[in-house]
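Trainee: Keeping their order, the protein sequence lines are chains Z and S. Here the first sequence is numbered in my numbering, starting from 7 and rising by one per residue. Here the second sequence is numbered in my numbering, starting from 4 and rising by one per residue.
The hints are simulated quantities; they were obtained by calculation from the structure and are not laboratory data. The C-beta atom is built at its ideal place from N, Cα and C for all residues, glycine as well. Hints are not guaranteed to be accurate.
To be verified - Just a sample of chain S residues kept apart from chain Z, beta carbon distances all over 12 angstroms, derived:
hint	residue
1	F19
2	G100
3	R127
4	I130
5	E134
6	L138
What the hints assert, rightly or not - Partner residues aside, some chain Z positions facing chain S, computed with beta carbon under 10 angstroms:
hint	residue
7	N102
8	M105
9	P107
10	A136
11	D139
12	N140
13	Y141
14	G146
15	R173
16	K177
Given next are the chains, with one letter for each unit.
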Amino acid sequence: MDQPEKTDKKIAENPAGRTGALEKAAAPIARLRLADSLLNLCRANSLWPMTFGLSCCAIEMMSSGMARFDLARYGAEVFRPSPRQSDLMIVAGTVNKKMAPAIVSLYEQMPSPKWVIALGNCAVSGGPFAIEDNYAVIEGVDQLIPVDVYVPGCPPRPEGLIEGIFRLQEKITGKSHPFPQNRHPQKKS
Amino acid sequence: MQTRELLIERLKKKSFDFKETDSRRCGYGLEVQTLSSHIRDLAAVMRDLGLYVVFVTAVHVRPGIQVVYQFAATDVPLRVMVRVPVPPDGTVLSIAGIFHGADWHEREVRDLFGLSFGEHPDLRPLILPDEDVDLAPLRKKEKKLKDIMDIFPGND
Numbered sequence: 007m008d009q010p011e012k013t014d015k016k017i018a019e020n021p022a023g024r025t026g027a028l029e030k031a032a033a034p035i036a037r038l039r040l041a042d043s044l045l046n047l048c049r050a051n052s053l054w055p056m057t058f059g060l061s062c063c064a065i066e067m068m069s070s071g072m073a074r075f076d077l078a079r080y081g082a083e084v085f086r087p088s089p090r091q092s093d094l095m096i097v098a099g100t101v102n103k104k105m106a107p108a109i110v111s112l113y114e115q116m117p118s119p120k121w122v123i124a125l126g127n128c129a130v131s132g133g134p135f136a137i138e139d140n141y142a143v144i145e146g147v148d149q150l151i152p153v154d155v156y157v158p159g160c161p162p163r164p165e166g167l168i169e170g171i172f173r174l175q176e177k178i179t180g181k182s183h184p185f186p187q188n189r190h191p192q193k194k195s
Numbered sequence: 004m005q006t007r008e009l010l011i012e013r014l015k016k017k018s019f020d021f022k023e024t025d026s027r028r029c030g031y032g033l034e035v036q037t038l039s040s041h042i043r044d045l046a047a048v049m050r051d052l053g054l055y056v057v058f059v060t061a062v063h064v065r066p067g068i069q070v071v072y073q074f075a076a077t078d079v080p081l082r083v084m085v086r087v088p089v090p091p092d093g094t095v096l097s098i099a100g101i102f103h104g105a106d107w108h109e110r111e112v113r114d115l116f117g118l119s120f121g122e123h124p125d126l127r128p129l130i131l132p133d134e135d136v137d138l139a140p141l142r143k144k145e146k147k148l149k150d151i152m153d154i155f156p157g158n159d
């Protein structure tokens with residue numbers, strides 16, 4: 007259960023600086039271990055990502071949601087068109103300076119508990135835009151909001167995003183593959 | 004008469020400095036050099052012949068920054084490159100009054116190169132974030148400047 011503290015720390019370092027107080031206010035007064043772990047198990051198996059994409063990585067995100075890769079197998083297919091209904095923000099693509107205020111306010115509008123996946127090199131670190139002459143691109147969305155899982159790639163394949171969601175589930179519940187039925191069948195020798 | 008011949012005739016009549024180029028090699032068939040004070044005359048000639056603005060941009064080269072326009076015809080394969088050296092005060096006359104579509108192109112050039120367009124109807128910042136409106140990010144450092152003769156394919 008160290009996740010909320012970690013998030014707080016990240017927010018405190020965040021230059022925008024406004025989310026810290028909000029996050030503290032949202033922290034529970036009392037924690038019941040069993041109820042918490044049960045809730046977290048539910049949260050991990052029903053992540054509701056927000057519907058938005060910033061560039062080409064969004065195409066991979068859409069692909070992940072479609073039939074071939076079928077994110078629904080892991081409970082994360084309910085893309086919500088409103089930050090109020092989402093608990094997972096997948097930052098899929100390049101974050102421009104001009105887009106940054108919108109990203110921060112979207113993040114602030116999401117109810118806690120909430121998580122962020124940085125999808126693709128641009129959102130992770132600026133990717134090909136991290137050069138000396140760069141004047142328009144934020145080099146890594148973690149300069150704006152706390153990021154839980156980084157998925158590198160240019161763009162990452164849908165399997166990459168799905169693996170990122172597994173890692174997030176691991177972070178939420180504290181164990182990998184909290185749902186054994188989601189594990190790929192092992193070959194019996 | 005074909006648009007191309009008509010255009011060449013009018014350019015000659017108004018004594019513009021132009022040359023014909025090999026469009027298969029450099030992508031445009033005519034290249035015109037003119038001054039900021041004549042760009043409106045030239046734009047009016049283009050408009051009267053039914054050409055449209057493809058783009059307006061600028062290049063920062065040695066000896067100085069230039070505004071670059073490209074016009075094209077709709078009926079025949081004809082592209083015209085127009086180059087205007089920017090005067091020392093950094094202001095080129097706007098052609099937005101002749102081609103309305105050039106309005107936003109010129110605002111973009113203002114953002115990225117820090118140039119100004121005289122008599123532009125509404126030269127507000129367009130694409131850069133609020134804190135960077137006067138950044139002029141595409142201006143090059145002195146070391147990185149290239150010679151104009153090296154970069155335009157029409158120069159042989």
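Trainee: Provide an ascending list of the numbers of those earlier hints which the structure does not satisfy.
Mentor: 4, 5, 6, 10, 14, 15 and 16
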